[in-house]
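Dock chain one against chain two, each of which comes alone in its own frame, and use the hints as you go.
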Amino acid sequence: MNNDLIIEGLTKKFASANSVAISNINLTVKEGSLVTLLGPSGCGKSTTLNCVAGLEEPTEGKIRVGDFVMSDISKGLLLPPEQRQLGMVFQSYALWPHMKVFDNVAFSLKLQKVKGDELRQRVMDSLDLVGLADLSNRYPFQLSGGQQQRVALARAVVTRPRLLLLDEPLSNLDAKIREQARVWVRELQQRVGITTIYVTHDQSEAFAMSDMIAVINKGILLQFAPPEELYSHPATQFVAEFIGATSFLKGVVAAMDGRKITVRVANGDILKLTDYSGKSWSVNQNVVVAIRSERVEMAGSKAEGNILNAGVKNSTYLGSKWQHVVDTGSGTLKVETTDTVTSDRMSLYLPPDSILLFPEEK
Amino acid sequence: MTSTQLPKPRFSWDRVVQWSMVVLTITLVVFPAWPIVYQSFLAKPLYDKERNFTFSNYAKMLGNDKFWHILGYTAAFAIAATALALFIGILLAVLINRTNLPMRRLYSNFVTIPYYVSPLVLAFAWMEMYGPQGFGTILVRTLKLPTWQLYSFWGIVIVAAMYYVPNTFLYATSSLALADPQLESAARIGGATPFKTILNVTVPLLRPAILYSALLTLVSALELLSIPLVLGNGVGIDTLSTYIYVLGVVGVSKDYGAIAVVAIFVVLLVTVLVYLQGKLTALERRFVTVGGKATRPKLLDLGKLKYVVSAIIGLYILLGVILPLACIVLESFVPFLSPFANPFKMLTLENYQGIFSSPAYRQSVTNSIYISIFAAGIGILFMALASLTAYRSFFKGRNVVKYMALYPRAFPGIIVGIGFLWAFLLVPGIGSLRNTLIAMSIAFIMRYLPLGFSAVSPAVMQVSDELDRAARVGGATWLGTVRHILLPILRPALLSGYIILAISFLKEYAVALFLFSEGSRVIGTTMIELWKQGGAEPVAALSTIQMFITAFLIFGSTKLLGVKLHE
Chain A
1 MNNDLIIEGL TKKFASANSV AISNINLTVK EGSLVTLLGP SGCGKSTTLN CVAGLEEPTE
61 GKIRVGDFVM SDISKGLLLP PEQRQLGMVF QSYALWPHMK VFDNVAFSLK LQKVKGDELR
121 QRVMDSLDLV GLADLSNRYP FQLSGGQQQR VALARAVVTR PRLLLLDEPL SNLDAKIREQ
181 ARVWVRELQQ RVGITTIYVT HDQSEAFAMS DMIAVINKGI LLQFAPPEEL YSHPATQFVA
241 EFIGATSFLK GVVAAMDGRK ITVRVANGDI LKLTDYSGKS WSVNQNVVVA IRSERVEMAG
301 SKAEGNILNA GVKNSTYLGS KWQHVVDTGS GTLKVETTDT VTSDRMSLYL PPDSILLFPE
361 EK
Chain B
1 MTSTQLPKPR FSWDRVVQWS MVVLTITLVV FPAWPIVYQS FLAKPLYDKE RNFTFSNYAK
61 MLGNDKFWHI LGYTAAFAIA ATALALFIGI LLAVLINRTN LPMRRLYSNF VTIPYYVSPL
121 VLAFAWMEMY GPQGFGTILV RTLKLPTWQL YSFWGIVIVA AMYYVPNTFL YATSSLALAD
181 PQLESAARIG GATPFKTILN VTVPLLRPAI LYSALLTLVS ALELLSIPLV LGNGVGIDTL
241 STYIYVLGVV GVSKDYGAIA VVAIFVVLLV TVLVYLQGKL TALERRFVTV GGKATRPKLL
301 DLGKLKYVVS AIIGLYILLG VILPLACIVL ESFVPFLSPF ANPFKMLTLE NYQGIFSSPA
361 YRQSVTNSIY ISIFAAGIGI LFMALASLTA YRSFFKGRNV VKYMALYPRA FPGIIVGIGF
421 LWAFLLVPGI GSLRNTLIAM SIAFIMRYLP LGFSAVSPAV MQVSDELDRA ARVGGATWLG
481 TVRHILLPIL RPALLSGYII LAISFLKEYA VALFLFSEGS RVIGTTMIEL WKQGGAEPVA
541 ALSTIQMFIT AFLIFGSTKL LGVKLHE
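Note that the protein sequences, when read in sequence, are chains A and B. For the first sequence, position 158 (counting from the first letter as 1) is numbered 158 according to our numbering, and the numbering increases by one without interruption. For the second sequence, position 363 (counting from the first letter as 1) is numbered 363 according to our numbering, and the numbering increases by one without interruption.
A hint or two may mislead.
Restricting the straight-line Cα-Cα distance to at most 20 Å, the calculated cross-link-like pairs of lysine to any residue (SDA-like) are [stated by the list, open to error]:
| no. | chain 1 | residue 1 | chain 2 | residue 2 |
| --- | --- | --- | --- | --- |
| 1 | A | K100 | B | P492 |
| 2 | A | K115 | B | F195 |
| 3 | B | K396 | A | K100 |
| 4 | B | K396 | A | G76 |
| 5 | A | K110 | B | W13 |
| 6 | A | K13 | B | K396 |
| 7 | B | K396 | A | L79 |
| 8 | A | K13 | B | L487 |
| 9 | B | K396 | A | L77 |
| 10 | A | K279 | A | A255 |
| 11 | A | K100 | B | S464 |
| 12 | A | K321 | A | G300 |
| 13 | B | K306 | B | F195 |
| 14 | A | K110 | B | R469 |
| 15 | B | K396 | A | L78 |
| 16 | A | K113 | B | T112 |
| 17 | A | K110 | B | P488 |
| 18 | A | K250 | A | W281 |
| 19 | A | K100 | B | R469 |
| 20 | A | K100 | B | L487 |
| 21 | B | K196 | B | L299 |
| 22 | A | K110 | B | L487 |
| 23 | A | K13 | B | F394 |
| 24 | A | K334 | A | S277 |
| 25 | B | K559 | B | T112 |
| 26 | B | K396 | A | F14 |
| 27 | B | K396 | A | A15 |
| 28 | A | K113 | B | K559 |
| 29 | A | K279 | A | E294 |
| 30 | A | K110 | B | H484 |
| 31 | B | K396 | A | S247 |
| 32 | B | K396 | A | T59 |
| 33 | A | K100 | B | P488 |
| 34 | A | K100 | B | H484 |
Derived from the structure by calculation, the hints contain no laboratory data.
Extracted from the complex, chain B is given alone in its bound form (with noise of 0.2 Å):
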């Protein structure tokens, strides 16, 4: 051998992105979750100078029977609305896909309304129809026809199921839609009756599904603040995430390291439902049944049952979903709504006036778009960036942003916005960025990393590793592959991941409930805020505003940009 030429180790852009992506992927988990488990040992709020280590904080809240009947409580509710969600979304599921329901493309589009509404709309929307004074109770009650408590256990609970439905039905759905048809032929070959065959093999291939989104919606059932804050504010139920806005917020004196050792608690409870997920995902795997590119299978003949089904499901949607709905929204263009009163005849637009005068309730609605815009953006660059990293390079860091990236599932948006405003408070320097769009902007793509990220990594997945390879044999460098080869291919599906972020930021509120102050306001604070002050029509009006926003992203994406929101 003559000359061994060693080249010079050179400077890497890749490195330097695939290092960032670990390191922001840590600091967006470290940065809000420290100062929780800090002031949790801390006597005094972590501002105050002394600095005393204790660990009354959690004996006072471990001896305290009030922390137990509200966690109790929570349980109860997010098991028995996760039931109903799971029951109500099964049903359907197979009703409107597997059977010749009338109606059933115009049923699968309406059933899932609700993924795309906040929770605190649906709820307000709820309170105004079937409320103690809502329009709907009202009107029964005049017809002196028995009414209902809303304001109570079942009440919540199906108020957070008719919220977690689409959920359900989507998994269910899709897992429907996976499961090879000649499963099902076999068992109608075999001699099982259409009816046989859904209730023995149909139904028992969607086991995974079912089992996965009970997890799902059981977690985020857990940590829901604003179903059970509205509609039990007033009379006195709480659950976790309530009782730590009560601690936090409402509170005369704030019990900052009460609301600390709740945080962790609620965060170790999720992670082990978290955790179990991710254990029963690796066992979907094994169950999961794809190929069915196949004729779908004959649909189950009802026969007359059908219209009878059909009916009932329109009730449901009806009653559940529109008319709540339609009832903020004409709330919104009236003074009052009551059923004594014809509110087509006072249509107003006062409301939204009122809104737009204001210039802290304007800013609100203007922040939301800014965040639903430039903060998704940014944001689903850098969860591809992250997912990039994690599945298609060779860097040695890359499970960590796998598994980094998908932590924030284990924090409810309540305690991730009270961690960054105690970050904020602690860290010297970045105290001016605590009343920022930019805080919020950071604490909200924190947040919806996981979702992100999952949003996208399917698609990077999907796209065949030698597209890479090729690149890379071809000259690229990995940053090179990720901008010419990668980013291109997955265009599609970072704009509908884009379209899921910009409209998920649209409706968060739990995460700015803290965080938020003059200034950086956004319609979901704004919305609390006002119905504190009893103003139902400028929440209805702020209902409304989002709901345009967010109908308009669906719209705009699915129609004119072709973007698939979900399979």
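Only chain A is shown next, with the shape it has when bound in the complex (with noise of 0.2 Å):
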């Protein structure tokens, strides 16, 4: 039996003004696996995952897991949460503050009348998962954060549920924490083996974590692919964007050849990449260009390919390398380096494979 989570079609409208928090969402989610939707905050990503959770009504749409059917608009059904046989850790991980760790723990499965020894066995076991086991007798507030976020985890997945829902778990953990709980919540999700989706805001999270990732922007799901493919062949100018630090050139297609075309930026300057899109293309159309700052190389003896000629606007050091943000002539370019800039011109060089093309955005 096949128990992949299906979402089809889900829009969700809000009364006021006919505005919409997500239009025409359509995903695949594999057994087993863990895919995170991934956006600016606002953008409907957690919206998408409150009407997986049954919180939020959606307007259109179906949601199932397998032949589960957990909402279904055109056919009136609308199951309520606590129908749908979920876990789910939240933001502020919503631990109950009047009960201790183990209740905690144990709530859903006495609502599903599970008693005595079998009760406690699989509490214990899934605070076991965790590593919480002797906390069990603590309250919610004499536990740090990252405890807290555990039990959290512990409580969501003790009832063995259909899915597991993470509603951005690690934002309220201090960063040094965060990147090892990033680890072992990964290593739990696929221990456990259970399907998860995971909202984030935060791109480094979402590659360290993910199976596949969705980007949504404005209540559009942009582009739905595993990490590499994410990074590599972002679908927009705005998934670029948004998954590392790019500067974009506006220009002109001026030659090509198959796969491989010439662009003309703004002030004259030639450069030569090969295009991996699929998208069709045609000479004198404007086009963007999106340049990954860490691509980008020091010139030095190179005279040939794509050089660019640009003053230093301001350089910043950030620790492990060099911000310098340069005038290109055809748009400002961040570039990120090891080597510091001795004079107020650098050349630099961007290999073709570095360059990816957008079409204008109107």
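Next comes the structure, spelled out in structure tokens:
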């Protein structure tokens, strides 16, 4: 039996002014995989998650896990959250302050009439899973943020739910703990083998943890792809911008030879690149080239190819590297490199596969 | 897709509870309101078989000069009392919270005492102390000093203001506590003296609190019955409330139509004010400058003046609050109170024995206690469920609950009593409930629904909604979430709401005035009965009993249970 989560045509409109929170979202989450909904705040990723949880009512669309249908608006079907058999971890962890750790984890099991030794065993197993079995007698306020987050996770998986929903669960942790938590949340998810939706606005978190990433902006699913593909072949200018430090220069297609395209940027400089996007281009089309800061190199002795001469506007030392903001004459470019600059001009080399091409957005 | 499992529509207790909140809040308003509207169009009393529709009640009342005179008098009284209460309350709040006044902590406790005392008791206390035959008045007269007339417009205004000062004081105080101290610091850094800072920054920041508590006090003063009744009745002073009371209880031929018209008029007037107040609260949110967890700003140094100011405030508390209340307590322990006879030589428990040996009077005390304990308990649970339906459910009717729960504020206590009385007379089959504590409890709960609802709701809204979302996703129904998560977390708020409700029920007299009968007397109605018979000492004894129970509730809950009754 296939237990993929399938979201079809999910749409949520708000009553006020017909504004749309999410529009026609289609997603398939393979059983046992972790999918991240990534986007800026207010993009609709939490609304999507809440529709899956049953905490918000979609206007249209269908949500099912295998053939367990949780909502199908066209058929007037909408299960309340408690009948969906899910586990969820919230941004604030939402541990009930009046219950001990044990009782927090045991809550759902008790509602399922699990009793006695079995109850105890399953709660402790779940707490073991997050390494907190010896804190079962504490109250939530006696735990650190990281511990609370782990209790919330234990509580979410103790019933062996159909889906695990994680709503920015790491955003309240300190930067250092957050990176550790990332690793062990992913490990736990893989060990339990539970189908998981993870919501975050932090692209590095998304890359570190996901099997697949869905980038959402303004309620629209822009791209749904594995992390590597998302990075190397972002579908839109927004995706390219959102998942990494990227600069954009405007230009015109000067010549084409299959996938090899020549672009002339504003001040007349020529950039050659290889396009893998599969989009069709035409000569004289207005385009935008996206250049990843970390892929830009110092030209050094190179004199041929994509060389841009630029004036340095400012330089910021980031610790492990420098970020130089330079003016190419065609627009501003961010460059991340370990090299310091000695003069106010620099010569930059852009490898052909470091440049991405997008049609100019109106 | 192979097989779509459509779950069978289930019977849901969630819906039952949520629907009953809608039905109950609507019923509690409509049930007492419609007989009044109905009566206002009837030529004869509504229990009369003959029911002729007429506009003559309106015509008669609106063409009656006395009515317009009373309306003007009531408005003048309410505005004067509100203005005085605001002035004293805000001045005290700023002085006590923002200057280095000696004894400020002590004062801030004493200033709020009238908040917990029934206005009826306060009126009696002032009467015993400063009335024409009052202890203080006679004392001053024997010293050949000029005296005053308490039974006058300004006398009533001053006593009413005394009663409302705790309200204005508490609003201003909590608003001062919320104000970001950095705003004051910024003024100081900018070169303002402490005094200028208070005048130009602190007090203007209070503006929303001032407006809000002004309207709150105005609404309450418009419908105030006890103080004008006790102090003005003998000299022919009437306000709208005492007019209704006189028309319905004292008058020889009771004019039901007239009562109904005046009642409707008052409700409409108060509705407008309550509506304005609601608008202001919405505005107020834009004003509020939350964020004040930082250290408090330095207190303004009043210099040598601080002793003078402190003495004046001390004198105010002594003369306005402590002496009248002490006087009434003392009076309850003597056969008569007079400056010419040393009261401590004739201490007696006779007044109390008198109360407790009369079954009717004894019953009014036990009834008040029963209502305080049980009706307040049921009431706060109902109000909590209403608040949770309004603020913590996806239920479509939640907004109805939100508005209906607050609407009884537009109904003065005496009108609530009339409405319930008539409704019980009119609806067949429930007439037998009319004289019971059940009817009384329902009317009390209706009257204090807004109070309890707004005492619980802020706490409800403070609980992160992720907590109930977590429970829902974890498999709990809405009702399960309410029972296992929300009510336990809200327990401290429910407890303080319960105590506030219990104290209010204990103090309440206006609702009961029309509704009570043999068997459903409460302390307030018995006090008024005894007062009409001229029994000052038994009234003093009942007042003392009421204050004692209230004090017991306050100390028990704040000291033993750690309840916070106000911010």
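Verification of the supplied hints:
1. A/K100 / B/P492: At roughly 18 Å apart (the allowed maximum being 20 Å), B/P492 and A/K100 satisfy the hint.
2. A/K115 / B/F195: violated (67 Å)
3. B/K396 / A/K100: Given pair B/K396, A/K100 is violated - Cα atoms ~34 Å apart, limit 20 Å.
4. B/K396 / A/G76: holds (16 Å)
5. A/K110 / B/W13: holds (19 Å)
6. A/K13 / B/K396: Between A/K13 and B/K396 the Cα gap is close to 17 Å, so the pair holds against 20 Å.
7. B/K396 / A/L79: Given that 20 Å is the threshold and the Cα spacing comes to 16 Å, the pair holds.
8. A/K13 / B/L487: violated (33 Å)
9. B/K396 / A/L77: holds (17 Å)
10. A/K279 / A/A255: holds (15 Å)
11. A/K100 / B/S464: holds (18 Å)
12. A/K321 / A/G300: holds (18 Å)
13. B/K306 / B/F195: holds (13 Å)
14. A/K110 / B/R469: holds (17 Å)
15. B/K396 / A/L78: Within the cut-off at roughly 15 Å; holds.
16. A/K113 / B/T112: This hinted pair is violated, its Cα atoms lying about 51 Å apart.
17. A/K110 / B/P488: holds (17 Å)
18. A/K250 / A/W281: holds (15 Å)
19. A/K100 / B/R469: Measuring from Cα to Cα gives roughly 18 Å; hence the hint holds.
20. A/K100 / B/L487: holds (16 Å)
21. B/K196 / B/L299: Given pair B/K196, B/L299 holds - Cα atoms ~13 Å apart, limit 20 Å.
22. A/K110 / B/L487: holds (18 Å)
23. A/K13 / B/F394: The given pair, whose Cα atoms are some 16 Å apart, holds under the 20 Å limit.
24. A/K334 / A/S277: violated (23 Å)
25. B/K559 / B/T112: holds (17 Å)
26. B/K396 / A/F14: holds (15 Å)
27. B/K396 / A/A15: Holds: B/K396 and A/A15 sit about 13 Å apart, inside 20 Å.
28. A/K113 / B/K559: violated (40 Å)
29. A/K279 / A/E294: violated (25 Å)
30. A/K110 / B/H484: holds (11 Å)
31. B/K396 / A/S247: Given pair B/K396, A/S247 is violated - Cα atoms ~48 Å apart, limit 20 Å.
32. B/K396 / A/T59: holds (15 Å)
33. A/K100 / B/P488: holds (13 Å)
34. A/K100 / B/H484: holds (13 Å)
The structure is inconsistent with the numbered hints 2, 3, 8, 16, 24, 28, 29 and 31, although it conforms to all the rest.
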